[in-house]
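Asker: Residue-level listing of the chains:
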Amino acid sequence: MKLKVGEDHGAVSRRAFLQRSALGVAAIAITPAGALINASEAWGLEVKGLKPQTMKTLILVARDIYPHDKVPDRFYAVAMKSYDDSAAKDPAAKAATEAFVAALDGAAGAGGYAGLGWEAERVAVLRAMSHDPMFQTIRGGLVVSLYNNHDLWPIFGYEGESYSKGGYLHRGFDDIDWL
Amino acid sequence: MSAKFDQNDDSVVVIVGSGAGGGTLGNELAQKGVKAVILEAGPRTEYTDFVNDEWESFGQLAWKDMRTTSGDWRVHKDFPNLPAWIVKSVGGSTTHWAGASLRLQEHELKTATTYGRVPGANLLDWPITLADLEPYYARAEDKMGVTRTNNLPGLPGNNNFKVLKAGADKLGYKECHTGRMAINSIERDDRNSCHQTGFCFQGCKWGAKWSTLYTEIPKGEKTGNLEVRPDSHVAHIEHDASGKVTGVVYFDKAGKIQRQKARIVAVAGNSIESPRLLLNSASSKFPDGLANSSGQVGRNYMRHLTGSVYAVFDKPVHMYRGTTMAGIIRDEARFDPKRGFVGGYEFETLSLGLPFMAAFLDPGAWGREFTAALDSYVNMAGLWIVGEDMPQETNRITLSDAKDQWGLPVANVNFDDHPNDLAMRAHAYKQGFALYDAVGATRTYPTPPYPSTHNLGTNRMSENPRDGVVNKNGQTHDIKNLFVSDGSQFTTGGAENPTLTIVSLAIRQAEFIADQMKGNVI
Ligand SMILES: Cc1cc2nc3c(=O)[nH]c(=O)nc-3n(C[C@H](O)[C@H](O)[C@H](O)COP(=O)(O)OP(=O)(O)OC[C@H]3O[C@@H](n4cnc5c(N)ncnc54)[C@H](O)[C@@H]3O)c2cc1C
Ligand code: SF4
Numbered sequence: 001m002k003l004k005v006g007e008d009h010g011a012v013s014r015r016a017f018l019q020r021s022a023l024g025v026a027a028i029a030i031t032p033a034g035a036l037i038n039a040s041e042a043w044g045l046e047v048k049g050l051k052p053q054t055m056k057t058l059i060l061v062a063r064d065i066y067p068h069d070k071v072p073d074r075f076y077a078v079a080m081k082s083y084d085d086s087a088a089k090d091p092a093a094k095a096a097t098e099a100f101v102a103a104l105d106g107a108a109g110a111g112g113y114a115g116l117g118w119e120a121e122r123v124a125v126l127r128a129m130s131h132d133p134m135f136q137t138i139r140g141g142l143v144v145s146l147y148n149n150h151d152l153w154p155i156f157g158y159e160g161e162s163y164s165k166g167g168y169l170h171r172g173f174d175d176i177d178w179l
Numbered sequence: 001m002s003a004k005f006d007q008n009d010d011s012v013v014v015i016v017g018s019g020a021g022g023g024t025l026g027n028e029l030a031q032k033g034v035k036a037v038i039l040e041a042g043p044r045t046e047y048t049d050f051v052n053d054e055w056e057s058f059g060q061l062a063w064k065d066m067r068t069t070s071g072d073w074r075v076h077k078d079f080p081n082l083p084a085w086i087v088k089s090v091g092g093s094t095t096h097w098a099g100a101s102l103r104l105q106e107h108e109l110k111t112a113t114t115y116g117r118v119p120g121a122n123l124l125d126w127p128i129t130l131a132d133l134e135p136y137y138a139r140a141e142d143k144m145g146v147t148r149t150n151n152l153p154g155l156p157g158n159n160n161f162k163v164l165k166a167g168a169d170k171l172g173y174k175e176c177h178t179g180r181m182a183i184n185s186i187e188r189d190d191r192n193s194c195h196q197t198g199f200c201f202q203g204c205k206w207g208a209k210w211s212t213l214y215t216e217i218p219k220g221e222k223t224g225n226l227e228v229r230p231d232s233h234v235a236h237i238e239h240d241a242s243g244k245v246t247g248v249v250y251f252d253k254a255g256k257i258q259r260q261k262a263r264i265v266a267v268a269g270n271s272i273e274s275p276r277l278l279l280n281s282a283s284s285k286f287p288d289g290l291a292n293s294s295g296q297v298g299r300n301y302m303r304h305l306t307g308s309v310y311a312v313f314d315k316p317v318h319m320y321r322g323t324t325m326a327g328i329i330r331d332e333a334r335f336d337p338k339r340g341f342v343g344g345y346e347f348e349t350l351s352l353g354l355p356f357m358a359a360f361l362d363p364g365a366w367g368r369e370f371t372a373a374l375d376s377y378v379n380m381a382g383l384w385i386v387g388e389d390m391p392q393e394t395n396r397i398t399l400s401d402a403k404d405q406w407g408l409p410v411a412n413v414n415f416d417d418h419p420n421d422l423a424m425r426a427h428a429y430k431q432g433f434a435l436y437d438a439v440g441a442t443r444t445y446p447t448p449p450y451p452s453t454h455n456l457g458t459n460r461m462s463e464n465p466r467d468g469v470v471n472k473n474g475q476t477h478d479i480k481n482l483f484v485s486d487g488s489q490f491t492t493g494g495a496e497n498p499t500l501t502i503v504s505l506a507i508r509q510a511e512f513i514a515d516q517m518k519g520n521v522i
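The listed protein sequences correspond, in order, to chains A and B.
Take the first sequence: its position 84, counted from the start at 1, is 84 in the numbering used here, and no numbers get skipped.
Take the second sequence: its position 194, counted from the start at 1, is 194 in the numbering used here, and no numbers get skipped.
One should not assume that every hint holds.
Stated by the list, open to error - Quick list of in silico lysine-lysine cross-link-like pairs, DSSO-like style, CA-CA up to 27 Å: (1) B:K32 with B:K518; (2) B:K222 with A:K81; (3) B:K110 with B:K315; (4) B:K315 with A:K165; (5) A:K70 with A:K94; (6) A:K94 with A:K81; (7) A:K70 with B:K338; (8) B:K35 with B:K222; (9) B:K4 with B:K143.
To be verified - For each label pair, taking beta carbons as the anchor points, the in silico distance ranges come out as: (10) A:L179 with B:D288: 42 to 50 Å; (11) A:W178 with B:G154: 22 to 30 Å; (12) B:D288 with A:M134: 37 to 45 Å; (13) B:D142 with A:G141: 43 to 51 Å; (14) B:G154 with A:D177: 19 to 27 Å; (15) A:G141 with B:E46: 29 to 37 Å; (16) A:D90 with B:P119: 48 to 56 Å; (17) B:Q405 with A:H131: 25 to 33 Å.
Everything labelled a hint here was simulated from the structure, so no lab data went into it.
We put the CB at the ideal spot given by N, CA and C, even for glycine.
Whenever a hint applies, use it, and build me the whole structure from the sequences.
Answerer: Written out as structure tokens, the structure reads:
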């Protein structure tokens, strides 16, 4: 995983900021070298197999499939990273992913998928493609790769492993106070 | 010390599967001095190695070998190769199970008589009555340390239970408590009491929940009469010219073919694998599979009605803390056809962690309506519906064209809901919504059935050999020294979680087998 959290992307952060303001949707910018940068979340992602814009769109697609406004982009990026990894290794996988995103862009019109400003507009494009096997693969994979990320659980208040803490016997298994 | 038997020793009882049925039978026989070998397809993973992590634990314990599905049930669409969520590991599904331990009701053993004719349903009375079962239920409850029996205290109620109880009170339900659970409410049987960890489905790391893995099996091994061979997948059962079974052929860990001779073979691979094994054992003498003169092997597959209701509140619940199945409402388990269906159902609390909630709340769903539910995860309460589903001849296990890693035809599970099942589920959802609405739910969700955890009926018991596969002792009608020892014996399913009955039948069967061996009848 090449997600570099906390790196200083000084030179591009301004660019990222500008791009975000311009698009009004994504906070992710693409560097001249083809990496994705999210300045406000302070991470960068090297894109090795896919077109950088494709990867960026996939991250947005992931958020549109499972939109959680309190979940930062990086979780969606981590969850979708495998598509770039596969594309770097396997030309057929690359072609399939590029074709899927190209189809989304085509259906979205002039500005492409990422150019649609409202989630509802993008979701309409996704709904129309929801029987596409590639959509099914993405959604089916994402439901595990997104929600099984242990770092994500605290955002939802799920506490995970409890044996090492002695279970909840003395930690609130019956602490409900509003009934 | 665990026994080690020669593969040519034809005096042993070979048991296929080490779960609720097989593990119990093995120990019970061993205690009576009968030599037994349990062949278990899965590995031996001790409870100290269990993990508090839903997907990782699934990878560690669940049955993931190929299976296929068909029929109108939603599982076929959402999980085409995962008809059941059960275990392949020493201990079988008693590693995953929640521990709810209920007796069948008297009328549920006589459904043909009580319910009358239900079109499309292959109802049949069990060849045994509640009175026959009662002494064995008592022994099983004692063995398993079931709460609220034998003066064992109930477990304390967790948050999820408290919400359920508040709703039950508002609706006027009378029988609501923290259940009869095979979970230690006090230290007992050299095992811990429950620490409310909340990972009952992932194997209890405290050993507080009964599982054959760390109760029956080591106790049996200690007698020197029981050997458990993990990583041993039984491919087929062999017989001689007279039709008596003589042993089994199995694949060992390295994939090498092995043979274990036997005086008796008892099949306890759970209700999908047991009929598959009988069908895969077809021979020129038994072209339709072993013990299948009735044509009933694999038929009448039942999975309990099921479904869940999750509800979101404006305040926190933290339902995942504490026992997964933390309480029960029994009022709807009665027989009362005025509700528009025969049979009854139980409400039991249930909780899933965030990863499984995402996968099972509404499989395949996406978008904001779905994610809004997960955003409120901490404020969620949940219950599971367990009801009697109708046995149907066409709901069945057959051999699929697909093959497993050993090259053996896999099981296909075909299931269609019966109209009675649909009517009962609709009623249960309505009551579940009302229950949570009564305590102030802002949203309720009708979650569809998960891949089946209760798999029943595919080698059913019958008085008449024409109607089923085994007699009241679990002995096949066709072959005297071939037994079925798991939930596939169930003639009908009842509304209650099945394991206490499976264990009771195994205790009873062990007595029968030991007697028959002593008398040299088999
Ligand atoms: C998540 C979950 C929760 C549950 N909660 C409850 C509950 O609260 N109350 C309740 O009563 N029940 C519950 N159950 C159901 C309960 O676990 C089962 O009813 C019970 O374990 C079934 O017993 P069995 O002997 O039929 O099969 P199992 O316990 O499944 O054992 C079968 C064993 O046979 C092995 N096997 C199969 N084929 C072969 C072969 N060819 N060769 C060798 N070995 C083979 C399998 O690997 C497995 O280990 C739950 C189940 C699950 C999954
Ligand atoms: S809640 Fe109790 S029974 Fe369940 S896993 Fe934890 S200690 Fe075991």
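Asker: Does each hint hold? Answer for all of them.
Answerer: To see whether the hints hold, each was checked on the structure:
1. Restraint check for K32 of chain B and K518 of chain B: the C-alpha separation of about 11 Å stays at or below 27 Å, so the hint holds.
2. For the proposed pair K222 of chain B and K81 of chain A, the alpha carbon gap of about 51 Å is over 27 Å, so the pair is violated.
3. A C-alpha spacing of about 45 Å is found between K110 of chain B and K315 of chain B, which places the hinted pair above 27 Å, so the restraint is violated.
4. With a CA separation close to 25 Å, the supplied pair K315 of chain B and K165 of chain A stays within the 27 Å bound.
5. Taken as a hint, the K70 of chain A and K94 of chain A pair is broken in the structure, with Cα atoms around 31 Å apart against an allowance of 27 Å.
6. Distance hint between K94 of chain A and K81 of chain A is fulfilled; the C-alpha atoms sit about 13 Å from each other, no more than 27 Å.
7. Distance check on the hinted pair: K70 of chain A and K338 of chain B sit about 48 Å apart at the alpha-carbon level, beyond 27 Å; violated.
8. At most 27 Å may separate the alpha-carbon atoms for a hinted pair to count; K35 of chain B and K222 of chain B meet this at roughly 12 Å.
9. As the CA atoms of K4 of chain B and K143 of chain B are separated by approximately 26 Å, the hinted pair is consistent with the 27 Å bound.
10. Take L179 of chain A and D288 of chain B: their Cβ atoms lie about 57 Å apart, and the range 42 to 50 Å is violated.
11. Distance hint for W178 of chain A and G154 of chain B: a CB-CB separation of about 24 Å, consistent with the stated range 22 to 30 Å.
12. The hinted window of 37 to 45 Å between D288 of chain B and M134 of chain A holds, with their beta carbons roughly 43 Å apart.
13. Separated by about 47 Å at the C-beta atoms, D142 of chain B and G141 of chain A satisfy the suggested range of 43 to 51 Å.
14. Between G154 of chain B and D177 of chain A, the C-beta spacing of about 22 Å keeps the proposed range 19 to 27 Å intact.
15. Take G141 of chain A and E46 of chain B: their Cβ atoms lie about 32 Å apart, and the range 29 to 37 Å holds.
16. Taken as a hint, the range 48 to 56 Å holds for the pair D90 of chain A and P119 of chain B, whose Cβ atoms sit roughly 53 Å apart.
17. A C-beta distance of roughly 32 Å is found between Q405 of chain B and H131 of chain A, which places it inside the suggested range of 25 to 33 Å.
When the structure is compared with the earlier hints, violations turn up for hints 2, 3, 5, 7 and 10 and for no others.
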